[in-house]
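Enquirer: On the provided structure of chain G, position chain P as indicated by the hints.
2 protein chains.
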Amino acid sequence: MPTMGLPVVLVGAKCQGKVNFCTVAWATMIDDEPPMMAVVMGKDRCTKEGIKENGTFSINLPSASSVAATDYCGLHSGNKVDKSMVFDVFFGKTLTAPMARECPINVELTLDDIIEFEGTDMVVGEVEEVYVDEECLTSGRPDMEKLQLLLYLSSGGPYFVKGRTVAEAFKAGRDFQPR
Amino acid sequence: MPTMGLPVVLVGAKCQGKVNFCTVAWATMIDDEPPMMAVVMGKDRCTKEGIKENGTFSINLPSASSVAATDYCGLHSGNKVDKSMVFDVFFGKTLTAPMARECPINVELTLDDIIEFEGTDMVVGEVEEVYVDEECLTSGRPDMEKLQLLLYLSSGGPYFVKGRTVAEAFKAGRDFQPR
Numbered sequence: 148m149p150t151m152g153l154p155v156v157l158v159g160a161k162c163q164g165k166v167n168f169c170t171v172a173w174a175t176m177i178d179d180e181p182p183m184m185a186v187v188m189g190k191d192r193c194t195k196e197g198i199k200e201n202g203t204f205s206i207n208l209p210s211a212s213s214v215a216a217t218d219y220c221g222l223h224s225g226n227k228v229d230k231s232m233v234f235d236v237f238f239g240k241t242l243t244a245p246m247a248r249e250c251p252i253n254v255e256l257t258l259d260d261i262i263e264f265e266g267t268d269m270v271v272g273e274v275e276e277v278y279v280d281e282e283c284l285t286s287g288r289p290d291m292e293k294l295q296l297l298l299y300l301s302s303g304g305p306y307f308v309k310g311r312t313v314a315e316a317f318k319a320g321r322d323f324q325p326r
Numbered sequence: 148m149p150t151m152g153l154p155v156v157l158v159g160a161k162c163q164g165k166v167n168f169c170t171v172a173w174a175t176m177i178d179d180e181p182p183m184m185a186v187v188m189g190k191d192r193c194t195k196e197g198i199k200e201n202g203t204f205s206i207n208l209p210s211a212s213s214v215a216a217t218d219y220c221g222l223h224s225g226n227k228v229d230k231s232m233v234f235d236v237f238f239g240k241t242l243t244a245p246m247a248r249e250c251p252i253n254v255e256l257t258l259d260d261i262i263e264f265e266g267t268d269m270v271v272g273e274v275e276e277v278y279v280d281e282e283c284l285t286s287g288r289p290d291m292e293k294l295q296l297l298l299y300l301s302s303g304g305p306y307f308v309k310g311r312t313v314a315e316a317f318k319a320g321r322d323f324q325p326r
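Just so you know, the protein sequences line up as chains G and P, in that order. For the first sequence, this note's numbering gives the first residue as 148, with consecutive numbering after it. For the second sequence, this note's numbering gives the first residue as 148, with consecutive numbering after it.
Because the hints were derived from the structure by calculation, they are not lab data. Any given hint could turn out to be false.
As the list makes no split between identical chains, a pair holds if one copy fits it or if it spans any two.
To be verified - No farther apart than 25 Å at their CA atoms in a straight line, the calculated lysine-lysine pairs in the BS3-like style are these:
| no. | residue 1 | residue 2 |
| --- | --- | --- |
| 1 | Lys190 | Lys318 |
| 2 | Lys227 | Lys318 |
| 3 | Lys190 | Lys165 |
| 4 | Lys199 | Lys227 |
| 5 | Lys199 | Lys240 |
| 6 | Lys165 | Lys227 |
Extracted from the complex, chain G is given alone in its bound form (with noise of 0.2 Å):
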């Protein structure tokens, strides 16, 4: 597999009426209107499980205050470890997605569909809405730096935070010309 930067999220879902997280780096944007999101994850994952039974689940993006807590929830499964203590939770309008306080973005989603691989599952899931910790907004918008967000390195780590920002998306190449 290749090297890469990766997002890291927790899934968050009710498994048998207990709030579970599973750490995940392999995630995806699906589409921007409407909003929707993937998560790849092993055929034997609990959380999956809750998803498909309350219809709802939740992507978290921790911050690198939380990294101890996130890869404490990659390392256990939720079959084996109660992690229900592990954040403290909130729900949001669909009830039943447990989300985690600590992370400074909280995803609320739907679930739209589980695609089987051959190894994995992937979870569609559609966006109903998105929190954001209100100290890390600079003049409203999302402010990485105060994010602090994890990124993971493909494959086996470390985790990472934002570096040097190197130009502007959608300006970088207005000037390009190929040879």
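Expert: Just chain P, lined up with the frame of chain G:
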């Protein structure tokens, strides 16, 4: 949509005989055994037609030094602009998946499936080969400080590179104790 760091990739394909590259930030791993990856793109992308045509494509990871060319490939559609001269192109074992020599990591894939969503399509491929620029290795392993891989802050940028290492993955949570 939430603010989050995402990898930037250049999807390469031959479209009606012409080399094309399309910039995408919606990409994920699907599995590691066998290694599989996926990229999400708009329904009208000419790259997708080329992938269907040949059954092969590439995922190229650009470094900071290619930011203008990378942004250019995101600003212009291959349906309107000839992007075959943007990069120095090479081919690998599949013979039809064009790869950009300027990108320090190139992944060559065969098409596995195209999953259709409402407004986008996900191209899923099996990794056939990964090529890494030898100058970006340290003790035989890809070195993120040398690679300077581009990441993208959704939605709207900027492009950035890896910053501070926060902790080792699969270690940072070993001693964590939930409340």
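Enquirer: Any hints from earlier that this structure breaks? Give me their numbers in increasing order, please.
Expert: Nothing - there is no hint that the structure violates, so all of them hold.
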